[in-house]
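Model the full structure from these sequences, guided by the hints.
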Amino acid sequence: VLDRTVFYPRGGGQPGDTGSLLVGGAGVRVVGVTKKDGKTMHELERPLAGLMVGATVHCVLDWERRYALMRMHTAAHVLGSIMYNELGALITGNQLETDKTRFDFNLVEFDRARFDSTVAKANEALSKPIEVKTYSLPREEAMRIPGVVKLAGVLPPAISVLRIVEIPGIDIQADGGTHVRNLAEVGKIEIIRLENKGKENRRIYFTLMR
-18 VLDRTVFYPR
-8 GGGQPGDTGS
2 LLVGGAGVRV
12 VGVTKKDGKT
22 MHELERPLAG
32 LMVGATVHCV
42 LDWERRYALM
52 RMHTAAHVLG
62 SIMYNELGAL
72 ITGNQLETDK
82 TRFDFNLVEF
92 DRARFDSTVA
102 KANEALSKPI
112 EVKTYSLPRE
122 EAMRIPGVVK
132 LAGVLPPAIS
142 VLRIVEIPGI
152 DIQADGGTHV
162 RNLAEVGKIE
172 IIRLENKGKE
182 NRRIYFTLMR
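Just so you know, we're using the numbering used here here: the sequence shown kicks off at -18 and counts up by one.
Simulated from the structure, these hints should not be mistaken for laboratory data.
It is possible that some hints are incorrect.
With a straight-line cut-off of 30 Å between C-alpha atoms, the simulated BS3-like cross-links for lysine-lysine are [to be verified]:
hint : residue 1 : residue 2
1    : K180      : K102
2    : K16       : K109
3    : K102      : K114
4    : K17       : K114
5    : K114      : K178
6    : K81       : K102
7    : K109      : K81
8    : K81       : K114
9    : K180      : K81
10   : K109      : K169
11   : K20       : K81
12   : K102      : K17
13   : K81       : K178
14   : K81       : K169
15   : K102      : K169
16   : K16       : K81
17   : K20       : K114
18   : K178      : K102
Laid out in structure tokens, this is it:
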């Protein structure tokens, strides 16, 4: 546990960061990061001499991996918001990876043509150089924003101030994950496959193309 960290702990469908912790001239791999009792826990590949209370530690991210997840997360917000607006679909589950993302969503009647049109609209949005904004709002004020929660049955943690991620004109929601600064960094969504998981449950897998 560090007094502060650049590592993102696993949560909200986004994997935790990996990388290294350096103490003096020695280093050790960080293979997983989680949060427990309000503390960010760094899981190390092996013990490291010199890593003790009061030591100065240098955090080094696996940046390419983190950046791939940032692009995926921002793309997921855009697609999820447009699905919500166009189809009335709420996300019931999601899992981000560096090479693909899984979306589960509730939709009684699935129309492939409408879905393809929704993906096309998401890609149109992703082609624009729109700044991704992050800021904090009091919980009561944030919860008055229409669509600020797009995960079915999920509410933000019971804290007094919520972190908001806003893509002007496209999406605004409470979110604690990592994102790119501009939609122009993301790329284009490409659907890998679709699955029917029940009467009202659908699943899609998508990737990003530069």
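Verification of the hints:
| no. | hint | verdict |
| --- | --- | --- |
| 1 | K180 <-> K102 | holds (26 Å) |
| 2 | K16 <-> K109 | violated (35 Å) |
| 3 | K102 <-> K114 | holds (21 Å) |
| 4 | K17 <-> K114 | holds (27 Å) |
| 5 | K114 <-> K178 | violated (34 Å) |
| 6 | K81 <-> K102 | holds (19 Å) |
| 7 | K109 <-> K81 | holds (22 Å) |
| 8 | K81 <-> K114 | holds (24 Å) |
| 9 | K180 <-> K81 | holds (25 Å) |
| 10 | K109 <-> K169 | holds (11 Å) |
| 11 | K20 <-> K81 | holds (29 Å) |
| 12 | K102 <-> K17 | violated (39 Å) |
| 13 | K81 <-> K178 | holds (19 Å) |
| 14 | K81 <-> K169 | holds (12 Å) |
| 15 | K102 <-> K169 | holds (11 Å) |
| 16 | K16 <-> K81 | holds (24 Å) |
| 17 | K20 <-> K114 | holds (26 Å) |
| 18 | K178 <-> K102 | holds (25 Å) |
Of the numbered hints stated above, those contradicted by the structure are hints 2, 5 and 12, listed in ascending order.
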